[in-house]
Structures are given as C-alpha cells and as structure tokens.
Amino acid sequence: MTGTPVWAQLAYLVAAVCFVLALKGLSSPKHARKGNLLGAFGAVLACVTVFFYAELDHLVWILLAIAVGSVVGAVGAQRVQMTQMPQLVALFNGVGGGAAALVALLELGDIAGAGEEVGGFTLAATAFTIVVGSVSFSGSLVTFAKLQELMTSRPVVFPGLPVAFAAALLGGVVLSVLTVTDPAVPTGVLLALIGLLLGVLLVLPVGGADVPIVISLLNAFTGLTVAAGGYVLDNTVLLVAGTLVGASGTFLTKLMAAAMGRSVGNILFGALKGGSTLGAGVASDRPVRSAGAEDVAILLGYAHKVIIVPGYGLAVAQAQHTLRELVDVLGERGIEVGYAIHPVAGRMPGHMNVLLAEAQVPYEQLKEMDDINGEFKQTDVVLVVGANDVVNPAAKTTPGAPIYGMPILNADEAQQIVFLKRSMRPGFAGIENELLFDPKTTLLFGDAKDTLGKLLSAVKGL
Amino acid sequence: MSEPVVWLTIFVLSVFVGVEVISKVSSTLHTPLMSGANAIHGIILLGAILVTGYAESGLELAVGLAAVVLATVNMVGGFVVTDRMLQMFTRKRPVPKADQNGAGGVTR
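Line order of the protein sequences matches chains V and Z.
Here full-length UniProt numbering is used: the first residue of the first sequence is 1, the next is one more, and so on.
Here full-length UniProt numbering is used: the first residue of the second sequence is 1, the next is one more, and so on.
What the hints contain is simulated information worked out from the structure, not anything from laboratory work.
Even glycine gets a Cβ: it sits at the ideal position worked out from N, Cα and C.
Be careful, since some hints might not be right.
In silico lysine-lysine, DSS-like type, Cα no more than 25 Å apart, as pairs [said to hold, decoys possible]:
#	chain 1	residue 1	chain 2	residue 2
1	V	K254	V	K305
2	V	K454	Z	K24
3	Z	K24	V	K305
4	Z	K24	V	K34
5	V	K34	V	K24
6	V	K449	V	K367
7	V	K305	V	K454
8	V	K367	Z	K24
9	V	K449	V	K254
10	Z	K24	V	K254
11	V	K254	V	K454
12	V	K440	V	K454
Have a look at the derived ranges for each label pair, beta carbon to beta carbon [what the hints assert, rightly or not]:
#	chain 1	residue 1	chain 2	residue 2	range
13	Z	V19	V	V118	29 to 35 Å
14	Z	V6	V	M151	44 to 50 Å
15	V	Q378	Z	V12	16 to 22 Å
16	Z	F16	V	V157	35 to 41 Å
17	V	V157	Z	S26	31 to 37 Å
Output of the computed footprint for chain Z on chain V, the stretches with three or more beta carbons under 8 Å from beta carbons of chain Z [to be verified]:
#	region
18	40-52
19	88-98
Kindly produce the complete structure, drawing on both the sequences and the hints.
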C-alpha cells in the first residue's frame with residue numbers, strides 16, 4: 001500500500017469495521033436495518049476516500065458512470081417485486097463478479113505493459129480474480145434466466161457435459177499458470193472466456209429448487225474474487241470486505257444446503273450422476289378428492305386450531321393480503337391460527353418471511369419449522385396454499401426422490417389437510433406428492449387469490 | 001514479516017470473523033443477509049475507480065467505465081433492496097380498523 005497515505009488507510013479500516021458490524025447486524029432482526037445502513041456508510045466512505053488521495057484522470061467520466069450505475073441499481077431495487085427477489089440478488093451478484101474480472105484484466109494489462117517485476121502471488125491473484133469473477137458473472141446470469149423462467153428451471157444435462165466441464169477446468173488452470181509465468185493480456189482474455197464457459201456449465205445441471213443455494217455460493221465466489229482483487233490492487237478494504245463475504249457466504253451456503261438435507265456437492269453435481277434429481281414433472285391423473293370453497297369454509301370455521309403452510313404459489317398469485325384477512329377473520333372466531341414457515345419456502349431461504357412481512361402478517365404468527373412441527377398432531381386443519389415440496393412425505397419415505405432427506409413440515413400428521421392448488425402440476429422439484437391422494441386430504445382448485453377471496457366471504461357468512 | 005504473509009494474516013483472520021458474525025443467524029433473515037453481503041462486495045467499485053482513473057488508452061477507459069457501472073449497480077442496488085426488505089420486517093402493522101371494513105378488498 002505504498003501509494004496510499006496513512007489517513008486513507010485509516011479510513012479504509014473504518015470502512016472494514018463498518019462491514020463487520022453490518023454483517024453482524026444483519027444476523028439479528030432487531031439491528032438488521034441499522035446494520036445494512038452502516039454497511040452502506042462504510043462503502044460510501046471507502047469510495048469517497050479514493051478520490052481525495054489518488055490522482056485520477058477521467059474524473060468526469062468516472063462520476064458519470066457512477067451516476068448511471070446508481071440510477072440503474074436504485075431504480076431496479078425499488079421496482080422489483082418481492083417475489084422476484086432471488087433473481088435480483090443473482091443479477092446484482094453477477095455484475096459485481098463481472099466488474100471484478102474487468103478490474104483484474106485492466107490490472108493485468110498494466111503489469112504486462114509496464115514490464116515491471118511483480119510477485120508470483122500478485123499474478124496468481126490476478127488470474128484467480130479474472131476466472132472466478134467470470135464464473136460468477138455467467139453463472140449468475142444463468143441462475144437469473146432460470147428463476148425468471150427465461151429458460152427451463154429443470155436441470156439441463158447433455159452427454160458431454162462432465163467432459164466439457166473437466167476440459168474447461170483444465171484449460172482454466174493451464175491459462176492461470178501461463179498468466180503467472182508470462183503475463184499477457186490475450187491470455188487474460190482467454191481466461192475470462194473460459195471462466196464464462198465454466199460458469200454456464202456449472203449452473204446448467206442445477207435444478208430449479210436448488211438454484212437459491214447456487215446464488216449463495218456464487219455470492220461467496222464474488223466475495224473471494226473481490227478479496228483477491230484487493231491483494232492485486234494493494235487495497236486492504238477490498239481484501240477484508242471480500243473475505244468477509246466469501247467466508248460468511250460459504251457458511252451460509254452450507255446452512256442452506258443443510259436446511260434442504262443436501263450437501264453442496266450433491267446440489268452442484270447431483271444431476272450429473274444420473275436421473276435421480278430429475279422429477280417426472282408431469283401431472284398425474286390419479287383420483288383426488290376436491291371440494292368447493294363453502295365446504296372448506298365450514299372445515300376452517302369450526303376448527304379449533306389451524307396451521308397455514310404458505311408457498312411460492314401464494315406469492316405468485318399476490319394472495320398474501322387476502323390470506324392475512326382470512327386469518328384475521330378466523331382469529332376473530334376464536335380459532336388459533338399460525339403460519340408454518342419452511343426454511344426454503346419461496347424461491348430462496350427466508351424468502352417467505354419477506355413476502356409475508358410485506359403483507360403485514362405479524363411477526364409472532366410466523367413459526368419456524370422446528371418450533372411448529374410438534375403441533376401438527378393437535379391441529380384440525382392444515383391449509384396448504386401454493387406450497388407442495390415442503391410438505392411432501394417423499395422426503396421421508398422415498399429414498400432416491402430428489403428431495404429425499406430434506407426436513408419437511410409434518411402436515412400429514414394433522415386431522416385434515418386442505419390444498420389450495422391451481423392444478424395437479426407438481427411442485428418446483430418436479431415430483432408427485434403422495435399427500436395429495438391421502439384420504440384426509442381435500443383439494444380446492446383455482447387461483448389462490450380468487451379461492452382465498454371466496455373462502456373469506458364464505459367464512460364470514462358462517 | 002514478508003508482505004504476502006501480512007496479507008495472508010489479514011485474510012485468515014477475516015475468514016474467522018466472517019463465519020463468526022453470521023453463525024447465529026435465523027433462517028428468517030437468510031434472504032436479507034444474502035442480499036446485504038452481496039451489496040458489500042460491491043466495494044469492488046473502489047478498485048474499478050482506481051484502475052479507470054489510471055487508464056491510458058480509450059479501450060482501457062471504456063473497459064474501466066463498464067466495470068464502474070457494473071460495480072455501482074451491485075453496490076447501490078444491493079443496499080437499497082436490502083433496506084427495502086428490512087423495512088418490511090420492522091414496519092408496524094396499521095390499526096386493525098382498516099382490516100374490518102372492506103370484504104375481500106386488498107389492502108396495500
């Protein structure tokens with residue numbers, strides 16, 4: 001950090017501390033918002049500092065680019081629907097990784113052009129930033145496409161995929177070594193292209209239900225990329241911030257994978273080992289018992305205890321508000337109602353909590369899986385709204401099912417189960433749910449919002 | 001201590017801090033946490049500003065500016081969207097009378 005004055009280094013230290021406190025704050029509901037603001041403060045502080053000591057050219061252009069990026073980022077962040085949150089996080093992560101790769105390419109150009117002697121470590125870190133940044137960029141774009149349903153959310157596997165992946169990986173290693181021994185821009189560009197290819201090949205075979213874990217993993221990748229970039233640029237705040245995100249991201253990825261009863265390796269490469277993560281994905285024509293809104297209203301209106309299991313279908317139908325009204329009405333009738341939130345309900349861990357918070361469901365009614373699983377036995381009616389995989393008993397009973405081993409909500413232990421469904425189409429994991437055919441189960445077909453509206457007026461009329 | 005070792009020390013200690021600070025997070029907050037961590041690595045903007053400021057050719061300038069735009073989107077967008085999510089967790093519920101009048105109306 002020879003070129004950086006001491007006061008600027010101290011400012012970077014303050015920024016780094018802000019990031020640590022930000023992550024700490026984000027782990028508790030009470031301080032989360034403050035933590036996030038503190039992180040933003042640290043980031044702004046670090047970025048303003050650089051303008052005061054570095055003698056930068058092209059200032060007008062840089063400020064213009066920052067203005068453009070800020071508008072795009074802020075508008076995107078304000079406009080996005082809460083249901084689309086996973087895609088947005090993937091996109092933001094991807095552009096960050098892309099930026100890191102570009103920065104490292106430019107730095108490589110500097111090193112190669114000046115012909116100066118730099119350490120092998122620096123060159124290795126440069127190569128790492130280029131290749132992993134590119135992986136993060138293209139991988140995130142593919143996850144975005146999967147979640148936005150621009151492409152199929154099912155695993156994409158083709159016969160040569162493992163070979164192609166191994167070849168690309170080998171190419172990446174060779175080019176990285178070349179970059180260290182003989183730094184040159186064309187090698188760096190090739191390395192970036194290999195990285196882009198690797199990112200695509202890495203994410204294609206991952207099934208839709210596992211995509212959120214991949215977002216988290218790529219997030220950690222980008223963090224590590226930024227850390228390596230910090231080493232290349234002699235900048236401590238990049239190193240510390242990047243490492244924090246890399247480490248916490250990796251840990252978070254493991255936590256999430258555990259919540260699904262899977263290992264990270266199995267999520268990434270499971271589809272390559274054979275058909276086991278591929279559900280059939282077709283609607284069954286086995287007989288089920290379906291009922292009208294009035295019948296279900298009677299079930300609900302005369303129950304003592306009701307548990308709601310909300311899923312992504314609820315959010316897609318924008319029915320959270322109607323559901324909350326229904327729960328309010330049931331509450332007024334003296335019925336005990338709670339929401340059972342599976343850790344991976346929605347399209348991303350913790351996503352359902354965000355969606356229900358948006359509908360102003362009181363925090364106390366949201367119960368985590370481990371807290372509520374014992375209560376299903378004493379429950380009269382479980383109302384499953386737009387969820388499927390998180391109550392699928394196959395996770396316990398069918399080894400070989402894609403979701404086998406995932407902890408589920410024990411909805412099958414309740415007296416009555418009511419599914420609000422649009423059709424018999426299977427859930428995100430693409431597998432059939434035996435619970436739908438259980439004699440205790442009633443199906444209420446229709447759009448979640450319409451159906452909940454009908455249920456609401458029927459319960460009010462009881 | 002040689003310089004790479006100093007950096008390695010900072011790196012290793014940061015790994016432990018990174019794991020330690022989030023080790024007790026409830027699954028309720030996984031989404032905002034991921035999104036917040038995502039915003040923090042937007043700090044690559046600092047690096048993008050530095051390399052762009054030293055750009056010597058038109059091509060370098062163009063690549064650098066692209067990096068600045070991408071990094072800013074990551075950083076600004078990340079912090080704004082995280083704040084938007086967290087706002088909903090802390091928001092107080094409106095007074096119940098709003099719930100009791102309309103039948104089936106969506107309150108937003």
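Worksheet item: Of the hints given before, which are not true for this structure?
Response: 1, 2, 3, 9, 11, 15
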